[in-house]
Amino acid sequence: MDLDLGAPHSLGTTIIGVTYDGGVVLGADSRTSTGMYVANRASDKITQLTDNVYICRSGSAADSQVISDYVRYFLHQHTIQLGQPSTVKVAANLVRLLSYQNKNMLQMGIIVGGWDKYEGGQIYSVPLGGTILKQPFTIGGSGSSYLYGFFDQAWKEGMSKDEAEKLVVKAVSLAIARDGASGGVVRTVIINADGVTRNFYSGDSLPLWHEELEPHNSLLDILSSGSPEPMST
Amino acid sequence: MSSIGTGYDLSVTTFSPDGRVFQIEYAAKAVDNSGTVIGIKCKDGIVMGVEKLISSKMMLAGSNRRIHAVHRHSGMAVAGLAADGRQIVARAKSEATSYERVYGEPIPVKELADRVASYVHLCTLYWWLRPFGSGIILGGYDRDGPQLYMIEPSGVSYRYFGATIGKGRQAAKTEIEKLKLSEMTCREGIIEVAKIIYGVHDEAKDKAFELEMSWICDESNRQHQKVPDALLEEAKTAAKTALEEMDAD
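Residue numbers (my numbering), protein chains in the order written: chain A, 36 to 268; chain B, 86 to 334.
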């Protein structure tokens with residue numbers, strides 16, 4: 036199998052945005068792939084736009100980075116003009132505008148999540164093509180295919196902050212187990228009236244699912260640690 | 086009559102030695118000579134009223150509107166040169182729709198006032214433009230509550246509890262200051278505005294006038310609309326009665 040190192044960086048990805056009673060939780064995996072090669076195994080797909088609005092990026096890494104830079108810039112100007120923080124709705128609409136107007140050139144799916152004093156915690160989904168949809172929770176990226184059934188069963192209204200975060204971490208780790216384009220660590224960002232909290236769940240702290248194998252120590256470690264176990268014939 | 090700026094008043098891009106721009110002051114005079122326009126901010130919304138002086142008996146009642154809806158949640162009452170006012174309203178409408186198209190939410194009233202004021206000010210910066218001869222009272226109801234702004238021909242814009250422009254503005258201002266606006270609902274406010282406009286109308290100088298009123302309040306679903314006919318009639322009757330009581334003294 037040929038490693039296509041010339042392929043554009045793609046965020047294979049699993050991204051999730053969930054509202055809870057008082058705010059939102061955004062979650063993502065950390066694998067950036069160039070074809071079959073993992074270009075970055077610990078990337079941060081949750082990007083800040085303003086103090087109170089963050090986005091999860093999926094699809095083309097370049098496209099989503101450039102768009103988030105533009106939207107951050109516009110939102111900054113908007114905040115200065117208005118004299119108060121922009122709302123989540125405005126942030127989502129700017130992402131949507133750029134996404135829709137450049138749909139022929141862009142390939143990215145974005146989840147916008149944040150908190151503002153008027154509407155509280157909100158999640159907006161801006162998938163390929165530039166639709167905008169406000170939802171209580173949303174999932175995106177290649178790994179999300181494996182999560183639709185899971186969320187249908189597991190999601191409920193009015194969860195607490197901890198319940199929501201546990202749900203997100205569990206979901207991302209399930210998707211990582213099944214989707215080859217998702218992997219690495221799970222990052223979460225919780226946004227509410229009190230501010231923003233970033234959390235990190237390393238790959239080896241995530242539960243293993245079904246037939247996943249326990250990680251082995253490398254042969255080098257075994258050899259250097261003393262007499263290795265003899266091979267049995 | 087205040088001082089005439091001989092020589093320094095020929096262009097809006099000329100300052101006088103004492104730091105005034107006479108053209109802008111003259112524009113303000115055009116506004117001062119128009120029928121009274123008032124706006125008040127009650128606890129649940131905004132009420133605006135215009136003393137629309139009727140120049141001819143042939144005019145159809147309800148024509149030549151002086152209060153315009155700018156967007157669902159905001160309206161403008163215009164004083165001074167009517168044609169100039171129409172331009173400002175058109176610009177405000179365009180700003181409101183373009184903001185919503187880009188940002189996906191109705192334009193905050195403060196932002197609308199800033200944009201309109203910038204536009205009016207723009208026309209005081211170039212010699213090939215003349216300042217607008219209109220004063221604007223802008224009332225709106227957004228997520229930060231009801232707000233009232235007044236924009237002058239100089240491009241200055243302030244937020245008010247009560248604002249007045251036109252001939253009877255001094256008298257009207259005194260009347261508004263007597264009111265307890267923070268405890269008044271818009272329903273009550275309508276009556277008060279009508280009374281004030283009838284009160285400041287000068288029977289001797291100007292013959293007929295038509296009262297035009299609009300409101301934006303919780304009762305109107307936070308939409309800018311003409312005051313319903315029934316309420317308007319009620320207000321007019323109350324105003325006429327109050328006048329008669331005053332005359333009777």
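Just so you know, the hints here were simulated from the structure itself, not pulled from any lab data. Beta carbons are placed, not taken as given, at the ideal position from N, Cα and C, and that holds for glycine. Just to be clear, a hint being listed does not mean it is correct.
So these bits of chain A aren't anywhere near chain B, every CB distance computed over 12 Å [as the list claims (entries may be wrong)]:
1) Ser121
2) Val125
3) Arg131
4) Asp151
5) Glu154
6) Lys196
7) Asp239
8) Asp256
9) Met266
In silico lysine to any residue, SDA-like type, Cα no more than 20 Å apart, as pairs [stated by the list, open to error]:
10) B:Lys195 - B:Leu264
11) A:Lys169 - B:Phe294
12) B:Lys292 - B:Met144
13) A:Lys169 - B:Arg228
14) A:Lys138 - B:Lys321
15) B:Lys321 - B:Leu264
16) B:Lys195 - A:Phe109
17) B:Lys311 - B:Phe294
Here's a subset of chain A near chain B, in silico, CB distances under 7 Å, partners left out [as the list claims (entries may be wrong)]:
18) Asn128
19) Lys152
20) Tyr153
| field | Those earlier numbered hints the structure runs against, lowest number first | value | 1, 2, 3, 4, 5, 10, 11, 14, 19
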